[in-house]
Amino acid sequence: MSRPAEAGRVRRRIERFTRAERWVHRVTATLMLTLMATGAVLYLPSLSVWIGHRPAVALIHLYSGFALPIPMAAGLFSRAYRADVRRLSRHTDVDREWLRNRAWREDRARELTLPVGKFNAGQKLNASFQCGAILVMVGTGTLMWFPHLVGVSARTGATFVHDWLALAIGFVVIGHVWFALNDRQARIGMRTGWVTRGWAEREHPAWAAELAAEEGSEDDAPGSDALSEAEDRAARGEAGTRDRVEGRAVHQARAWDR
1281 MSRPAEAGRV RRRIERFTRA ERWVHRVTAT LMLTLMATGA VLYLPSLSVW
1331 IGHRPAVALI HLYSGFALPI PMAAGLFSRA YRADVRRLSR HTDVDREWLR
1381 NRAWREDRAR ELTLPVGKFN AGQKLNASFQ CGAILVMVGT GTLMWFPHLV
1431 GVSARTGATF VHDWLALAIG FVVIGHVWFA LNDRQARIGM RTGWVTRGWA
1481 EREHPAWAAE LAAEEGSEDD APGSDALSEA EDRAARGEAG TRDRVEGRAV
1531 HQARAWDR
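Letter by letter, the sequence shown follows residues 1281 to 1538 of the numbering used here.
Derived from the structure by calculation, the hints contain no laboratory data. Hints may contain errors.
[To be verified] If you anchor each label on the Cβ, the simulated ranges turn out as follows:
{"#": "1", "residue 1": "1430", "residue 2": "1468", "range": "42 to 50 Å"}
{"#": "2", "residue 1": "1326", "residue 2": "1387", "range": "40 to 48 Å"}
{"#": "3", "residue 1": "1370", "residue 2": "1329", "range": "43 to 51 Å"}
{"#": "4", "residue 1": "1292", "residue 2": "1467", "range": "13 to 21 Å"}
{"#": "5", "residue 1": "1495", "residue 2": "1339", "range": "45 to 53 Å"}
This one's a predicted model, so the numbers in the text were calculated from it and none came from an experiment. Ideal Cβ positions, reconstructed from N, Cα and C, are used throughout, including at glycine.
Hey, can you work out the whole structure from these sequences and the hints?
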């Protein structure tokens, strides 16, 4: 495949998530689903009787809960992950307009011509809720597992918050999965890291424009291939000049010998 054709093929796709970001999402999702499953077994007597092994299930639930913040903390070593955290924590007028006009409905954001960035307002709210909920669940779960740390009233309050927040998390996760199932490109982006440029321009036009501007500035700068070619030409020119000078010197020496 020629270089222009290959470049055109690559530029039709945009990198949405790096490998580090995808692994953070996968590990966090695995731990979250494990917690939901084990929590249901511990909370519902019918499931507890059917599954059995309650102490083992409780230990799995405990260690999964303590491990839940670790992937997100490890992701901070990635520059791309930190950049996306800043994007998710920054709420703009476009986000408020997105929520006010119910732009989560299909094609609604495009009808309103909202310049949505890399993440829409719904994704930002989901990320904020999940991060806060994880911290609260870890805190309340710790008080429930180590009852000697606080009094009875504090343990009762922690249990109440833990149970109801777990139910809220379950509904939010179901909504998150539902939206993902209805957006094939979003699923591909999280699985492979790449999305089509057309999808980005439709669903996240401000982000697509930002990337196009960055690519344009890179194209204007001299590329490494052009520099290498110029250096090769210069080297060949120097070598040719040196050969001509040495040739003339040899010719003159032979003439003097005669």
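| said: Going through the numbered hints above, which ones does this structure break? Give me the numbers in ascending order. | reply: none
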